[in-house]
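Chains A and B, in that order, give the protein sequences.
By the working numbering, the letter at position 119 of the first sequence is numbered 119, and the numbering carries on one by one without gaps.
By the working numbering, the letter at position 272 of the second sequence is numbered 272, and the numbering carries on one by one without gaps.
Just so you know, these hints were derived from the structure itself, not from any lab.
Glycine residues also receive a C-beta, built at the ideal position from the N, C-alpha and C atoms.
Do not take every clue at face value.
[Said to hold, decoys possible] Interface residues of chain B toward chain A, partial, derived using beta-carbon atoms under 8 Å: (1) Ile74; (2) Pro158; (3) Ile359; (4) Asn361.
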Amino acid sequence: MKSPPSVQRTLRIVVVNTAHGAGEQAMAAQAQRNTALRIGLLESGYDIVASLPADIFLPERIAQIQPDMIIIDSESDALDVLEHIVIATRDEPRPIVLFTDDQDRSSMDAAIDAGVSAYIVAGLQAERVKPVLDVALARFRRERRLLDELSDTRRQLADRKLVERAKGLLMAKSGLSEDQAYQKLRSMAMNRKLKLAELAQRVLDVEDLL
Amino acid sequence: MTSSFRTIRAGFMPLTDCAPLVMASVLGLDEKYGVKLALSREHSWSGMRDRLVHGSLDVAHVLYGLLYGVEMGIGSRAVPMAVLMNLSRNGQAITLSRALAEQGVIDGPSLAAHMRRSRRRFTFAHTFPTGNHAMFLYYWLAAAGIDPLRDIQAVTVPPGQMASSLVAGHIDGFCAGEPWSARAVLDGAGVTAATSQDIWPDHPGKALGATAAFADANPDACRALVAALLEAGRWIDASAAHRDAAAEILASPAYVNADRELIGARLHGRYEDGLGRCWRDPDPLQFHADGAANFPWLSDGMWFMTQHRRWGLLREDPDYLAVAARVNRVALYREAALLAGVAAPAGLLRSSVLIDGRIWNGRDPQAYISSFAHGAPRPVFGHGAPQ
């Protein structure tokens, strides 16, 4: 693995500690996993900015800290609390990495395919943690870029359709030519400091009302 | 003898309404129809969703709303899903803190009045952002004139922590399933302000969910499983003695891991609200009701989508009917019902009246959404700044 360039800032990671388990044994196992994970991360040069309990204040704390990555045990019931954060911040999402006892390589691939950014196998030798996290983050960033491009393209197409419809409406109602209708929409949008598509939407909304 | 039974890995959450899956397994109803249930106790809805989507689970006892959230890609990748049947109806609840009850807050209107006089922020919990409990909670708040997006803070809390969060004062109320709602009342932590059947009598509950890929590739196994679960639901609903037996089995650490009496009371429809009121509910938690509880009505799936749209979880209107028509596997359900000797209704849409008097019948979802006073902001023509 090539090492990151020195100008790249270190990933800021939050580890979520889950206290709940089926019993003493489960809690002890989780605690062990957590410790191994934290050692692995520290040795790999990651910045654990906080180790938070999975309680009701987790979303607020995450919002305050703004980590690059959140790591949590896949057996934790706090995954649902994290889901809340995922949805609340879905315009600025962060990869969520699970770690688990599952040793199966194919299920790790399947999990990544399914949109879970990475799986880390329990045992968590230090040298395993960094590459997996790097893959998770790289993959996540690439997906986000593709999704953003896709949604930009879609939005542009939708906006163009709105403007076309509004133009058509003006032409029909006011007897304007296509160019005149377009100019009218444009100048109205500029006067009201709206985007052309927003104005077009309003014109169409009025048409629906009347 | 070699078994030719098809194994179906089924995830469930430790809630009273996982009963049909548990009883189908315990009573051997799965084998009667030629399948073998491998039950998997899950820890979180997110975890269960991930396992279902990436194939570690074949089917699951899943929040109806969550399943449609996955279909529409809310907060996760959109994955085509399938509702094979509805597993239960009714039997969830909204519980308010004892601290509030002692100040006279015992229902929606008294909560709204109290909040208007108060300066602090109120916090309410549900179990999953796109799930049934969130949608029922928001509906109930809005019906009382409280805007769930602006007037309160909504949080997701694991059900096992609901009661302690109430006592600690971290939340003012929560909406969740059983036995957690009954537990909060029994512990003296809260009072029952409303049951889910108060909000929508005979609402859909947990669905038997799968990925569309699984349902498409395994129609025989799915049909057999639905038939087995219809029989299991019929068995549970058949008598008080059967419900008692179910409560005893569900109490086991392998399933719900809670006190048998705690599970049993509301399973029988016996409610205490913590304020001295006890009653026998006419619309309790039911798993079959002669088939009326199980049909995968398209209008049920559509209702969750309208609420997702209402609260801005969906940013655009989907083709509500078309989505529900592909997700809810009505044809497969009808075949399974035939196998199990269960009557199935002829239509696809049903009509319901909810707590605010509004009728939802699956027709004109966009008009339905527009009819609500409370919802996420939508583009609106008007003078002044855009929304």
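Index of numbered hints that the structure contradicts, given in increasing order: The structure conflicts with hints 3, 4, although it agrees with all the remaining ones.
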